[in-house]
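Here the protein sequences come in this chain order: A and B. Add 828 to the 1-based position in the first sequence for the working numbering, that's all there is to it. Add 1258 to the 1-based position in the second sequence for the working numbering, that's all there is to it.
Just so you know, these hints were derived from the structure itself, not from any lab. Just so you know, not all the hints are guaranteed correct.
[Unchecked claim] Below, a sample of chain A positions facing chain B; criterion: calculated Cβ distance under 8 Å:
| no. | residue |
| --- | --- |
| 1 | Arg-892 |
| 2 | Glu-948 |
| 3 | Thr-1013 |
| 4 | Gly-1020 |
| 5 | Gln-1039 |
Everything numeric in this text was worked out from a predicted model, so none of it was measured. The beta-carbon is built from N, C-alpha and C at its ideal position, and this holds for glycine as well.
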Amino acid sequence: MSDAAAGLLQVGLLVACLAVAYRPLGGYMARVYTSESDLRVERGAYRLFGVDARADQTWAVYARSLIAFSAVSMFLLYILQRVQSHLPLSLGLPNVESGLAFNTAASFVANTNWQSYSPEATMGHLVQFAGLAVQNFLSAAVGITVAIAVIRGFARSKTDRLGNFWVDLTRTVLRVLLPIAVIGTLALVAMGVVQNFSGGHEVTSVVGQAQTIPGGPVASQEVIKELGTNGGGFYNANSAHPFENPNGLSNLFEIFLLLLIPVSLTRTFGLMVKDKRQGYAILGVMGTLWAAFTFAATFFEVRGNSLEGKETRFGEWASALFASSTTGTSTGAVNSAHDSFTPLGGGTALFHMMLGEVSPGGTGTGLYGMLILAVLTVFIAGLMVGRTPEYLRKKITAREMKLVSLYILTTPTVVLVGASIAMGLAVARASIFNTDSPHGFTEVLYAFTSAGNNNGSAFGGLSANTPFYNTALGIVMLLGRFLPIVLALALAGSLAKQQPVPVTQGTLPTHKALFVTMLVGVVLIVTGLTYFPALTLGPLAEGL
Amino acid sequence: MRQFGVAARVLLVFTVVLGIAYPLVMTGVSQLLFHGNANGSIVKVNGKEVASDLIGQAYEGAQWFHTRPSAAKYDGKASAASQYGPNNPDLLKLVNERRAQVAQAEGVDPSQVPPDAVTASGSGLDPAISPAYAALQVNRVARERGLSVAQVQQLVKENTHGRALGFLGEPYVNVVTLNAALA
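Could you build all of it, start to finish, from the sequences and the hints given here?
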């Protein structure tokens, strides 16, 4: 079979698997978030937590709960790293230095999983499975709760209540993430991923050389790393490491996992707003963008025909498909070194993150990010015809537009300001590895784009474990995560209070091809215009 | 402030469930059901553990099949890619040097050297090479070991993996198991 035929079949199988899972999982999640009854184990949990499960929260209380939870999470993760040497299963590794511990705690709580460290040399097993992997679950669940709250903002009317954060969080973990993770772990081990607590296994090769075969509870962490669109590798090479991703089948399974929830949530959305076509339209926009970027990444990498930084068992096609899916979902796991991609192939991955992680985006974040861009689109359409815009029967007034504008401006601002400061400081420029060309600037731009959009992948040549980058990227990750969340929840609160307006002849239908096309255009133009100057200095200067 | 108390309790409970119970149970079940895989798919030669069939090694000497260049020097505790940009002059120089070396070692024209033979992998632990690079090495290994070319070709064939399901990933030759078969 030719490379191209195999590559296309690979994409085809991925899309088919997602299509099969779409209705059952999307419908299941809709029931999870609308059900009035709790599982017995959940009732026990709420008693332990001291939470009244039937007490719905206003957007402000929902946001405060979320921020409090993330703050406490970050604190615990920081402490765990700082006392690592005293903990069991730490493989004799020292305490993590404070700047790095801050960066890593911020990174995993913000669902970014940017890694300034090399795990093999930094993190013992205990910090990985009892600290980092726990946040892989919880930060993903936090993202989903926000999406659900925003959906309720559209679905509910004349109320100031968006649901209960603790209930949404608990249900996400126990009913959605954990069951899939359990099945996925066993599937990955069956494919060859390791799952043990060994600190390393000594072998002597046939030529007499000693080698340490690394160990760890990898599969159980790998599965949630992809499913929760986290991306932080158990090993330094991430999903290029044969123990994280042993073959072509595991590779496709991991890509499937990282797309699964973001894609299926559009179904959940359609069901919860009682108009499935709205979910298809959003999925159509996400799918169009993902397909276009996957095509571009594959085109440039196959044409480049370079295996530097790529694994033999994956080659160009499977590496490009992974790269496009990981940058479109805010995952940031990598099965190949993006720094060694062709200028335009790596530039495609960079530009894909710049869309704001909406194609289809991270767990939850992708959906609410896209819904906010949809609001912007109906606003622009409303301006064209001189009518008050509305989306899903909610009026988009000045208050909503202020929140939407702030949301859209936040991430590009932190990314571009951060990258500019870095390029202005000699100490930050000194971290660049490929100093020969515009590629060096791309390393810095990629780092801040990845952090600000909570992706976590890297042009790995950049030496990021320095006080400057650990601090700057840590702050950028936190701002890029929590400012948009607060704005999205505020928007949801404002929408939920409204009385729905009747659909009239003048209402712009938001489930048809025209709107899908407009929304694709808005995503590309809004981000294109924001980042185009920066892209011309980096990948475009190098690649054209 | 009330939210912080709730937050701490929720985090504690989930740390026990997701951070302790989940990995322990998953490890127990994996060890039971997939003992070999869960422990790194260890390869034995004459009863001695020589490798994991997923983790590449360096094989110096003309009587062995060679793996790809590695930015990690095949250190199992330090997986890494080179991170060279595509136009980095150091990379271009390295690739040219490697191509000349491989061409000389195999007695072929530099233009016949496949790309995986001159580039470092993403993990630095790639156990595999392309079927083309394996074919290039057959004559040398057969000569050095006093085996027939057909015998060595047969071993290469036995250690060649097609694409998963016929179309996922790329075909490859597992050098670790191939060299174990030669040992």
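Right, here's what the structure says about each hint:
Because the beta carbon of Arg-892 of chain A sits about 5 Å from the nearest beta carbon in chain B, less than 8 Å, this interface hint is met. Because the beta carbon of Glu-948 of chain A sits about 5 Å from the nearest beta carbon in chain B, less than 8 Å, this interface hint is met. At about 5 Å, the closest approach between the beta carbon of Thr-1013 of chain A and any beta carbon in chain B falls short of 8 Å, and the interface hint on this residue holds. Residue-level restraint check for Gly-1020 of chain A holds (minimum Cβ-Cβ distance to chain B is 5 Å; threshold 8 Å).
A cut of 8 Å between beta carbons decides the hint on Gln-1039 of chain A: the least distance to chain B is about 5 Å, and the hint holds.
In terms of the numbered hints stated before, the structure departs from none.
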